[in-house]
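J.: Here's the letter readout for the chains.
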Amino acid sequence: MVRWKRALPSLAVMALLIATWWALVVATHSVVFPTPWQVVTGTLELIRDGTLWQHIGASLFRVGAGFSLAVAVGVPLGLWMGWVRGAFTTLNPIFQILRPISPIAWIPIAILWFGVGNASPIYLIFISSVFPMVVQTTAGVHTIERRYLRAAENFGVSRSTLFRQVVIPAVLPQIIVGMRVGLGVAWLVVVAAEMIALRSGLGYLIIDSRNAGNRYDLVIAGMIIIGSIGLLLDGLMRLLEGLERVRWRYAH
Amino acid sequence: MPTKIEVKDVRKSFLGKEGPLRVVEGVSFSVGDGELVAIVGPSGCGKTTLMNLIAGFERPDRGSIRIDGAELMGSSPKGILISQHGSVFPWLTVRENLMFGLNGRTRSEKEALADHYAAMVGLTGFERSYPHELSGGMLKRAELARALVVKPEILYMDEPFSALDALMNLRMRGELLRILAEERHTVLLITHDVEEAIHIADRILVLTPRPAQVQAAFEVALPHPRKLTSPEVQELRVAILRELGVDR
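As given, the protein sequences belong to chains P and C, one line each in that order. Using the numbering used here, you'd call the opening residue of the first sequence number 2 and step up by one each time. Using the numbering used here, you'd call the opening residue of the second sequence number 39 and step up by one each time.
Treat the hints as calculated values from the structure; they're not laboratory data. Just so it is clear, CB atoms sit at the ideal spot from N, CA and C, and this is done for glycine as well. Heads up, some of the hints might be wrong.
Stated by the list, open to error - Computed Cβ-Cβ distance ranges for the label pairs, DEER-style:
1) P/A13 with C/R145: 50 to 58 Å
2) C/H154 with P/L240: 57 to 65 Å
3) P/R248 with C/S102: 21 to 29 Å
4) C/R145 with P/R248: 22 to 30 Å
What the hints assert, rightly or not - Take a look, some chain C residues computed to stay more than 10 Å from chain P by CB distance:
5) K46
6) K55
7) R60
8) G124
9) E134
10) E149
11) L177
12) L260
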């Protein structure tokens, strides 16, 4: 009950926005810009002919592949850079230069290297989500409190125990934050990447709907679906923050 | 009583903004096997630095620290430090924390040992709890148990109970004395609480303000349990406070 009450204002604003949108479309007699109801029927159309699932599946596959690759590379790299001083001083300047480059700027190079198949968007997703993960993981290692490292040193444990029971669990909350940021960026980028030349994905759906007969109802439907799935993915990553092993970091 | 810890003319300075900052300047003392020596001194006098040197986390600039007659080469499980801010790993359960320093045993042996020491400090029923679910006093008990479980010959305690409230502080002193009666350890305790030192120590060293030097030493030749209200304790307290520059 209480949760419903808290959601009420935001639901009311949403309803108001939709109503305003509807009223404006009707008042201006726009032939191109759709009403909310047209967006709903457009979405139903996509569901009925099955293309919606194909587009969602294609986008999720690309994000899944690029993001997994980024985790597999970014986390170990971040741990290494955090732990070994020389690795940090050598690689950090390079990352600091590469990091601010928008993934969109990589598109020409991605096409040159990987063509217009799946490999290009996967590469773009990888390049955009790997940096936040490296940065967060490195910062995580650097911020391990010295008292914990000293305690580990004091007990004279092996290097592998030190890593398994101190370094990695200490950094895990930061790794999860990095993953959350990385996945968010990955989802942003997949849509942009799919606007190039592929024949599937939610980004393609949006561009194709516009090009093939000004179907703006489908454009907006695509946008809303992208937003909803993004929210869902973030919620999924939030579940990781609830794990028993990392709750100490978020508890207070 | 054989000598356990021997500190000889130890000096340590750090690089400050205005040249080297002398923190410890020619400290010498020794601690006998099984003795509980407390070091008191004004805050910021270099007590913690001295402790880090003796526990092997930092190297002195000059002088020597010998444990059992052998030059100290760094920290080892022979002497476990219980630090002021605590270092129980928040990502491990109480049991996992206690098992952390145990090697070369089977898992069930480690668990049994961990649970035995958890019981000794009164943490039965909390073995599977995470540190953030414990109170401050329980956290200190967990830290103490984690140190005891590896059977260190020396316990280095740096203001171990200062973050606790007065009542819990008093109770933890009692617990510590009870445990020390069971398992004989050499203890070096750093504190700013004169009463705490008199309550549990065999000998008390008073340090000067920074750079730290040993200014005075007091034997506490009173049998346990000590009554803090007794005239002997009060007399000693006044004498130590006078050394610290607090005349009352």
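J.: According to the definition I'm using, a residue is off the interface if its beta carbon is farther than 10 Å from all beta carbons of the partner; does C/G124 meet that for chain P?
T.: violated, 7 Å
J.: Should the label of C/E149 as a non-interface residue stand, given a Cβ cut-off of 10 Å to chain P?
T.: holds, 15 Å
J.: Could you say whether the range 22 to 30 Å given as a hint is met by the Cβ separation of C/R145 and P/R248?
T.: holds, 24 Å
J.: Please settle this one: C/E134 was flagged as non-interface, so is its CB more than 10 Å from every CB on chain P?
T.: violated, 8 Å
J.: Tell me if the beta carbons of P/A13 and C/R145 are separated by a distance inside 50 to 58 Å.
T.: holds, 57 Å
J.: Go ahead and decide if the range 21 to 29 Å is satisfied by the Cβ distance of P/R248 to C/S102.
T.: violated, 46 Å
J.: Compute the least Cβ-Cβ separation between C/R60 and chain P, then decide whether it is above 10 Å.
T.: holds, 23 Å
J.: Verify that the Cβ of C/L260 lies farther than 10 Å from every Cβ atom of chain P, and report whether the claim holds or is violated.
T.: holds, 32 Å
J.: Could you let me know if the closest chain P CB is still more than 10 Å away from the CB of C/K55?
T.: holds, 21 Å
J.: Minimum Cβ separation between C/K46 and chain P greater than 10 Å?
T.: holds, 23 Å
J.: Could you check that no beta carbon of chain P comes within 10 Å of the beta carbon of C/L177?
T.: Given a closest Cβ separation of 12 Å, the condition holds.
J.: That 57 to 65 Å hint for C/H154 and P/L240 (C-beta), does it hold up?
T.: Roughly 37 Å apart at Cβ, these two residues miss the hinted range, so it is violated.
Violated hints, listed in ascending order, are 2, 3, 8, 9; each of the other numbered hints is respected by the structure.
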